[in-house]
Amino acid sequence: MFFNQFLSRLTFISINLTTGIIVSATIISFWFVTLIALLALDINTVPLYLIILSIFLRIFLQTGLFITTHEAIHRTICQNVLINDAFGYITSCLYAILPYQTLVKNHQLHHRHPATEKDPDFNCLHSNNFLFWYLSFMQEYQKGRQFWILFVGMTIIFCTFISLHISIINIFLFWVIPIFISSLQLFTFGIFLPHRQRDAEYSDRHRARSNNYSIFWSFIACYHFGYHWEHHQYPNLPWYDLPLARQKN
Numbered sequence: 001m002f003f004n005q006f007l008s009r010l011t012f013i014s015i016n017l018t019t020g021i022i023v024s025a026t027i028i029s030f031w032f033v034t035l036i037a038l039l040a041l042d043i044n045t046v047p048l049y050l051i052i053l054s055i056f057l058r059i060f061l062q063t064g065l066f067i068t069t070h071e072a073i074h075r076t077i078c079q080n081v082l083i084n085d086a087f088g089y090i091t092s093c094l095y096a097i098l099p100y101q102t103l104v105k106n107h108q109l110h111h112r113h114p115a116t117e118k119d120p121d122f123n124c125l126h127s128n129n130f131l132f133w134y135l136s137f138m139q140e141y142q143k144g145r146q147f148w149i150l151f152v153g154m155t156i157i158f159c160t161f162i163s164l165h166i167s168i169i170n171i172f173l174f175w176v177i178p179i180f181i182s183s184l185q186l187f188t189f190g191i192f193l194p195h196r197q198r199d200a201e202y203s204d205r206h207r208a209r210s211n212n213y214s215i216f217w218s219f220i221a222c223y224h225f226g227y228h229w230e231h232h233q234y235p236n237l238p239w240y241d242l243p244l245a246r247q248k249n
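In this text, residue positions in the sequence shown follow the numbering used here: the first is 1, and each later residue adds one.
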């Protein structure tokens, strides 16, 4: 009896760990494959609607990189800390050469003090102003040395692409634009909409709200990041399990 329960629990854990690694590795793999393929694409031979769809796909996968970083911060990819954090370091670097440990520190503060002056992701002065809050949010991760790391790193990558005779148009369409739009997407669904102040008070200590999108549109919008109250209530739940938590609540 005890052995069967132990074996069942071990199998459940193994499946969860495997799922986290497979999902994360799949996102990274698709990100690489689409980047390589689209940078080499002759856009003059492709219909406009396919180019637009490709840009949206790149934005979606770019966002997926940061979602994977976020999963690593919460240790939901793998219980092995080295493997889990390896995913965090890799995806934060691929996303925009972001400092993983800074992200970890700030996100822990965000969960301890959500939507307060102690929350580094919150803007008390402009909590209903999308533009000002977005700019201050971005500035938080580009201060001091990090600005120069980002500037030099992006410059090296850009020059490398040029040296490989990749079209500047392709670089902007399939690399630069996805980074920018992805940051707006993450801020909108993960920070602004869930935590902005309204006339009504926050319902509890999480100071967060969830959207009412269907599971499909929630996934398309931002990998269920909009089910934000559920994320704060169950921070150790992987993003793909948030719809189930949403349905139960």
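For the record, the hints were derived by calculation from the structure and aren't laboratory data. It cannot be assumed that every hint is accurate.
[Claimed, not checked] No farther apart than 27 Å at their CA atoms in a straight line, the calculated lysine-lysine pairs in the BS3-like style are these:
(1) K118 with K105
(2) K143 with K118
(3) K143 with K105
Predicted model only: the values in this text are computed from it and were never measured.
Given hint K105 paired with K118 - CA-CA distance at most 27 Å: Roughly 12 Å between the alpha carbons, so the hint for K118 and K105 holds.
Distance restraint between K143 and K105, which requires alpha-carbon spacing of 27 Å or less: holds (15 Å)
Agreement of K143 and K118 with the hint, judged by alpha carbon distance not exceeding 27 Å: Holds: K143 and K118 sit about 18 Å apart, inside 27 Å.
Violated hints are absent here; each numbered hint is respected by the structure.
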